[in-house]
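Trainee: Residue numbering for the sequence shown is 0 to 129, as defined by numbering that gives the first Met the number 0.
Keep in mind the hints are simulated off the structure, nothing from the lab.
Treat each hint with caution, since some may be false.
What the hints assert, rightly or not - Distance windows between CB atoms, simulated: (1) Ala6 x Asp89: 29 to 39 angstroms; (2) Leu51 x Lys92: 17 to 27 angstroms; (3) Gly55 x Leu14: 27 to 37 angstroms.
Unchecked claim - Capping the alpha-carbon separation at 16 angstroms, the derived lysine to aspartate or glutamate pairs in EDC-like fashion look like this: (4) Lys92 x Asp107; (5) Lys104 x Asp19; (6) Lys86 x Glu49; (7) Lys99 x Glu49; (8) Lys27 x Glu12; (9) Lys84 x Glu68; (10) Lys84 x Asp97.
Please read all numbers here as calculations on a predicted model, not as lab measurements.
Ideal Cβ placement from N, Cα and C applies to all residues, glycine included.
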Amino acid sequence: MARNVEAQLNYIESLISSVDSQIDTLNKALIEVQNTIELLSNADVVGSQEKLISIGSGLFAKGTVSLDEDLIVPIGSGVYVAESKEKSVDRLKKNLEDIKASIQKLLDQRRTLVDQYNTVYATEATRNVK
0 MARNVEAQLN
10 YIESLISSVD
20 SQIDTLNKAL
30 IEVQNTIELL
40 SNADVVGSQE
50 KLISIGSGLF
60 AKGTVSLDED
70 LIVPIGSGVY
80 VAESKEKSVD
90 RLKKNLEDIK
100 ASIQKLLDQR
110 RTLVDQYNTV
120 YATEATRNVK
């Protein structure tokens, strides 16, 4: 196999790997958003007295959370706003749709890259047979 073809195949493989990594990251975000929507919609959580609250690095503190009051929501660039639980759920649902659309675009890119890889590989294999 010619060096430039091998280099081209390696490059396409690295692009596929990069896309796979991005898809994996978005899938994790998708699960987190789905879990948050479920939590905010769960009446049992609202009624429970004491909850474990993550304070980072795998540590939790016991505390109470009132979902009847406004939630503090990040909107980007370190800016936060207070909004109702319902508005937060609506925002999360929109984020969920945006994540799904991004995953679909990446899956389309991946399919295109795999097709390119297969074309380059088949072309080179045909050349070597002749």
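Trainee: Work down the list of hints and note, for each, if the structure agrees.
Mentor: Against the structure, the hints come out as follows:
Between alanine 6 and aspartate 89 the beta carbons are some 49 angstroms apart, a value that contradicts the proposed interval 29 to 39 angstroms. Separation of leucine 51 from lysine 92 is about 26 angstroms and conforms to the stated range, judged on CB atoms against 17 to 27 angstroms. Glycine 55 and leucine 14 have their C-beta atoms about 34 angstroms apart, which keeps the hinted 27 to 37 angstroms range intact. With a C-alpha separation of about 23 angstroms, the suggested pair lysine 92 and aspartate 107 falls outside the 16 angstroms cut-off, and the hint is violated.
In summary, the hint linking lysine 104 to aspartate 19 is supported, as the alpha carbons are separated by about 12 angstroms, within the 16 angstroms threshold. Under the criterion of a C-alpha separation no larger than 16 angstroms, the hint pairing lysine 86 with glutamate 49 is inconsistent with the structure, at around 24 angstroms. At most 16 angstroms may separate the alpha-carbon atoms for a hinted pair to count; lysine 99 and glutamate 49 exceed this at roughly 34 angstroms. The hinted pair formed by lysine 27 and glutamate 12 fails the criterion: a straight-line CA distance of about 23 angstroms is larger than 16 angstroms.
Of the pairs offered as hints, the one joining lysine 84 and glutamate 68 holds, with about 8 angstroms between alpha carbons and a cut-off of 16 angstroms not exceeded. At most 16 angstroms may separate the alpha-carbon atoms for a hinted pair to count; lysine 84 and aspartate 97 exceed this at roughly 20 angstroms.
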